[in-house]
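Asker: Read off the chains here:
There are 2 protein chains.
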Amino acid sequence: MLNIKKIDHIAICVGGLDKSIEDYSKLLGIEATDRDTVVPQKTEACMFHCGESAIELITPTPGNVGLEKFLDKRGEALHHIAFEVDDIEGTLARLEAAGIPLIDKKPRPGLRGHRVAFLHPKAFGGVLVELVEPSH
Amino acid sequence: MLNIKKIDHIAICVGGLDKSIEDYSKLLGIEATDRDTVVPQKTEACMFHCGESAIELITPTPGNVGLEKFLDKRGEALHHIAFEVDDIEGTLARLEAAGIPLIDKKPRPGLRGHRVAFLHPKAFGGVLVELVEPSH
Numbered sequence: 405m406l407n408i409k410k411i412d413h414i415a416i417c418v419g420g421l422d423k424s425i426e427d428y429s430k431l432l433g434i435e436a437t438d439r440d441t442v443v444p445q446k447t448e449a450c451m452f453h454c455g456e457s458a459i460e461l462i463t464p465t466p467g468n469v470g471l472e473k474f475l476d477k478r479g480e481a482l483h484h485i486a487f488e489v490d491d492i493e494g495t496l497a498r499l500e501a502a503g504i505p506l507i508d509k510k511p512r513p514g515l516r517g518h519r520v521a522f523l524h525p526k527a528f529g530g531v532l533v534e535l536v537e538p539s540h
Numbered sequence: 405m406l407n408i409k410k411i412d413h414i415a416i417c418v419g420g421l422d423k424s425i426e427d428y429s430k431l432l433g434i435e436a437t438d439r440d441t442v443v444p445q446k447t448e449a450c451m452f453h454c455g456e457s458a459i460e461l462i463t464p465t466p467g468n469v470g471l472e473k474f475l476d477k478r479g480e481a482l483h484h485i486a487f488e489v490d491d492i493e494g495t496l497a498r499l500e501a502a503g504i505p506l507i508d509k510k511p512r513p514g515l516r517g518h519r520v521a522f523l524h525p526k527a528f529g530g531v532l533v534e535l536v537e538p539s540h
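Protein chains in written order, with our numbering: chain B, 405 to 540; chain E, 405 to 540.
For reference, chain B alone in the conformation it holds in the complex (with noise of 0.2 Å):
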């Protein structure tokens, strides 16, 4: 159902950015790249490109209740897996039509002028999916 080009990221929550990039970019001998705040959804992230994919790093900023709560209850772990598709408007429309649960029926704006769109995790037996539409 989803056209799925590859796994475009998995999202790492962290605590906060400086101290883990500092960590990470160690252990993975990869450079952050991309950090940026994304103000619509409250959250600041980078990016550690491995091969076609990327592990992302994000935090909340102030007012994301969501990730402050995930946060509180798991401490730093895996939070979402993103897919890269090539029409997202589509994707959507293709979801909604077949009763898959939604968080987002349009795409907003996400890291790297992506524009993004997720799944309600209840579509995915819990697990929180990103769809990206790259920018270039």
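I should point out that these hints are in silico values taken from the structure, not numbers from a laboratory. These numbers were taken from a predicted model, which means no experiment stands behind them. Treat each hint with caution, since some may be false.
Identical copies carry no separate label here, and so any pair may be met within one copy or between two of them.
[Stated by the list, open to error] Here are the simulated DMTMM-like cross-link-like pairs (lysine to aspartate or glutamate), alpha carbons at most 25 Å apart as the crow flies:
| id | residue 1 | residue 2 |
| --- | --- | --- |
| 1 | Lys430 | Glu537 |
| 2 | Lys526 | Glu426 |
| 3 | Lys410 | Asp440 |
| 4 | Lys410 | Glu435 |
| 5 | Lys423 | Glu480 |
| 6 | Lys409 | Glu426 |
| 7 | Lys510 | Asp476 |
| 8 | Lys423 | Glu500 |
| 9 | Lys526 | Glu472 |
| 10 | Lys510 | Asp427 |
| 11 | Lys477 | Asp422 |
Based on these hints, arrange chain E on the given structure of chain B.
Answerer: For chain E alone, coordinates are given in the frame of chain B:
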């Protein structure tokens, strides 16, 4: 420190493979492959290949207390991330020399005949990381 070639797979822990394979293959639009029981790890698993990476579903076989506790606590959820490396023994020796906590100091047999080893979650901010050296 790790010399990562790519993200080999992302593992999702599920309560049982039959129902999950049906649900995930429908949603992903990908057939499950490589279904097998990994006796030393007390798991049953399968893969959904996506580009150069894969989604792995894993479920405990009887006596796998760790995965049973994970399911009790979190339900079906992202469980670990696996990186492909090309010299798993050298990588483990390098990590151990640097004081990185490891679950496996030597590789053990994994799915698809690959050699695998787990880092201790403390090594990676609480996230469980597997290293994979492919058999082919």
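Asker: Evaluate each hint against the coordinates.
Answerer: Right, here's what the structure says about each hint:
For the homomeric pair Lys430 and Glu537, the shortest alpha-carbon distance between copies (21 Å) is at most 25 Å, but the shortest distance inside one copy (30 Å) is not. When the C-alpha separation of Lys526 and Glu426 is checked against a cutoff of 25 Å, the pair qualifies only between copies, where the shortest distance is 15 Å, while the shortest distance within a copy is 34 Å. Proximity of Lys410 to Asp440 under the C-alpha cut-off of 25 Å is found in both arrangements, the shortest distances being 23 Å within a copy and 24 Å between copies. Proximity of Lys410 to Glu435 under the C-alpha cut-off of 25 Å is found in both arrangements, the shortest distances being 22 Å within a copy and 15 Å between copies.
With identical chains, the CA atoms of Lys423 and Glu480 are at most 25 Å apart within one copy only, with a shortest distance of 12 Å there and 29 Å across copies. With identical chains, the CA atoms of Lys409 and Glu426 are at most 25 Å apart between copies only, with a shortest distance of 21 Å across copies and 31 Å within one. Taking CA atoms no more than 25 Å apart as the test, Lys510 paired with Asp476 passes in neither setting, with 29 Å inside one copy and 34 Å between copies. For the identical chains of this complex, Lys423 and Glu500 are inter-copy neighbours only, at 22 Å across copies versus 40 Å inside a copy, given an alpha-carbon limit of 25 Å.
Taking the shortest alpha-carbon separations for Lys526 and Glu472, both the intra-copy value of 20 Å and the inter-copy value of 21 Å come in at or below 25 Å. Taking CA atoms no more than 25 Å apart as the test, Lys510 paired with Asp427 passes between copies only; the shortest distance there is 24 Å, against 35 Å inside one copy. Within a single copy, Lys477 and Asp422 get their C-alpha atoms as close as 22 Å, which meets the 25 Å cut-off; across copies the closest is 30 Å, which misses it.
Checked against the numbered hints listed earlier, the structure breaks hint 7 alone; every other hint is satisfied.
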